[in-house]
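Participant: Chain residues, written in single-letter form:
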Amino acid sequence: GENVEQHPSTLSVQEGDSAVIKCTYSDSASNYFPWYKQELGKRPQLIIDIRSNVGEKKDQRIAVTLNKTAKHFSLHITETQPEDSAVYFCAASLTGNTPLVFGKGTRLSVIA
Amino acid sequence: DVKVTQSSRYLVKRTGEKVFLECVQDMDHENMFWYRQDPGLGLRLIYFSYDVKMKEKGDIPEGYSVSREKKERFSLILESASTNQTSMYLCASSKPSAVTLGTQYFGPGTRLLVL
Chain A
1 GENVEQHPST
11 LSVQEGDSAV
21 IKCTYSDSAS
31 NYFPWYKQEL
41 GKRPQLIIDI
51 RSNVGEKKDQ
61 RIAVTLNKTA
71 KHFSLHITET
81 QPEDSAVYFC
91 AASLTGNTPL
101 VFGKGTRLSV
111 IA
Chain B
113 DVKVTQSSRY
123 LVKRTGEKVF
133 LECVQDMDHE
143 NMFWYRQDPG
153 LGLRLIYFSY
163 DVKMKEKGDI
173 PEGYSVSREK
183 KERFSLILES
193 ASTNQTSMYL
203 CASSKPSAVT
213 LGTQYFGPGT
223 RLLVL
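The listed protein sequences correspond, in order, to chains A and B.
Oh and the first sequence: position 82 is 82 in the working numbering, straight run, nothing missing.
Count along the second sequence from 1, then add 112; that gives the number in the working numbering.
The shape of chain A in the complex, shown without the other chains (with noise of 0.2 Å):
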């Protein structure tokens, strides 16, 4: 089955510094990727995903991109603020009834 690796599993950056979180996947029959975002004592919740006919997706600060042959996708936030620290999880599945796997997540500091 699909294996989700996740790097770094912790990151502390300056606040207005770039933060980059790389994900590789096992499966290469996977095509869907979604980033969830945790902050402390709260729920998971979408950030940001991306599918396998796209190699870049961007929505402001935030960007992933998907490398197929590499098999592996990022997370690149720019101009970090204080409040995007938390734990964020990547995750891959195959199209169609395919529950996600996810990565083991990167704790994110913005050091202010």
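By construction, these hints were calculated from the structure, which means they are not laboratory data.
Backbone N, C-alpha and C define an ideal beta-carbon position, used for all residues, glycine too.
Treat each hint with caution, since some may be false.
[As the list claims (entries may be wrong)] Listed next, the in silico DSSO-like pairs over lysine-lysine satisfying Cα-Cα at most 30 Å (straight line):
id, chain 1, residue 1, chain 2, residue 2
1, A, K42, B, K167
2, B, K130, A, K42
3, B, K115, B, K125
4, B, K183, A, K68
5, B, K169, A, K71
6, A, K68, B, K207
7, A, K42, B, K169
8, A, K58, B, K115
9, A, K58, B, K207
10, B, K130, A, K22
11, A, K42, B, K183
12, A, K58, B, K130
13, B, K207, A, K57
14, B, K167, A, K104
15, A, K57, A, K42
16, B, K182, B, K169
17, A, K104, B, K169
18, A, K71, A, K57
19, B, K115, A, K104
20, A, K57, B, K115
21, A, K37, B, K115
22, A, K57, B, K130
23, B, K125, A, K71
24, A, K37, B, K183
25, A, K37, B, K207
26, B, K115, A, K42
27, A, K104, B, K130
28, B, K207, A, K42
29, A, K42, B, K125
30, A, K22, A, K57
[As the list claims (entries may be wrong)] Sample of chain B residues with no beta-carbon within 10 Å of chain A, all distances over it, derived:
id, residue
31, V116
32, S119
33, E129
34, F132
35, D138
36, F145
37, G152
38, L155
39, E191
40, Q216
Given chain A's structure and the hints, the job is docking chain B onto it.
Facilitator: Showing chain B alone in chain A's frame:
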């Protein structure tokens, strides 16, 4: 606005007790999921359901069962709670899109402590 609720935020149970965790969603979603979240292990899928009375095992179903008698409600059952089931339990629901199971909306979580 999607609302997923869980019956308890915190639970303390004794080893060997039967434990019921309830999840309710109000958006007519077909799919519902139960995960457990442990530090350093991320979100691990226990069971999921595509429809009423349907269930599928996830990655870690041992020691758990589920029930989906109504579309809006998905229950997780610990038949005989053990200390290694102490964890945060998250429920989620989604409406399938044309190609995927759809965006998952999570409940607030139930933190279970088994003594």
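Participant: Hint by hint, note whether the structure agrees.
Facilitator: For each hint, the structure was consulted:
no. : hint            : result
1   : K42/A x K167/B  : holds (27 Å)
2   : K130/B x K42/A  : holds (27 Å)
3   : K115/B x K125/B : holds (27 Å)
4   : K183/B x K68/A  : violated (36 Å)
5   : K169/B x K71/A  : holds (26 Å)
6   : K68/A x K207/B  : holds (26 Å)
7   : K42/A x K169/B  : holds (26 Å)
8   : K58/A x K115/B  : holds (27 Å)
9   : K58/A x K207/B  : holds (24 Å)
10  : K130/B x K22/A  : violated (40 Å)
11  : K42/A x K183/B  : holds (25 Å)
12  : K58/A x K130/B  : violated (46 Å)
13  : K207/B x K57/A  : holds (22 Å)
14  : K167/B x K104/A : holds (25 Å)
15  : K57/A x K42/A   : holds (26 Å)
16  : K182/B x K169/B : holds (19 Å)
17  : K104/A x K169/B : holds (20 Å)
18  : K71/A x K57/A   : holds (17 Å)
19  : K115/B x K104/A : holds (25 Å)
20  : K57/A x K115/B  : holds (27 Å)
21  : K37/A x K115/B  : holds (17 Å)
22  : K57/A x K130/B  : violated (46 Å)
23  : K125/B x K71/A  : violated (43 Å)
24  : K37/A x K183/B  : holds (27 Å)
25  : K37/A x K207/B  : holds (20 Å)
26  : K115/B x K42/A  : holds (14 Å)
27  : K104/A x K130/B : holds (29 Å)
28  : K207/B x K42/A  : holds (22 Å)
29  : K42/A x K125/B  : holds (23 Å)
30  : K22/A x K57/A   : holds (15 Å)
31  : V116            : violated (8 Å)
32  : S119            : holds (15 Å)
33  : E129            : holds (26 Å)
34  : F132            : holds (20 Å)
35  : D138            : holds (15 Å)
36  : F145            : violated (7 Å)
37  : G152            : violated (6 Å)
38  : L155            : violated (4 Å)
39  : E191            : holds (23 Å)
40  : Q216            : violated (7 Å)
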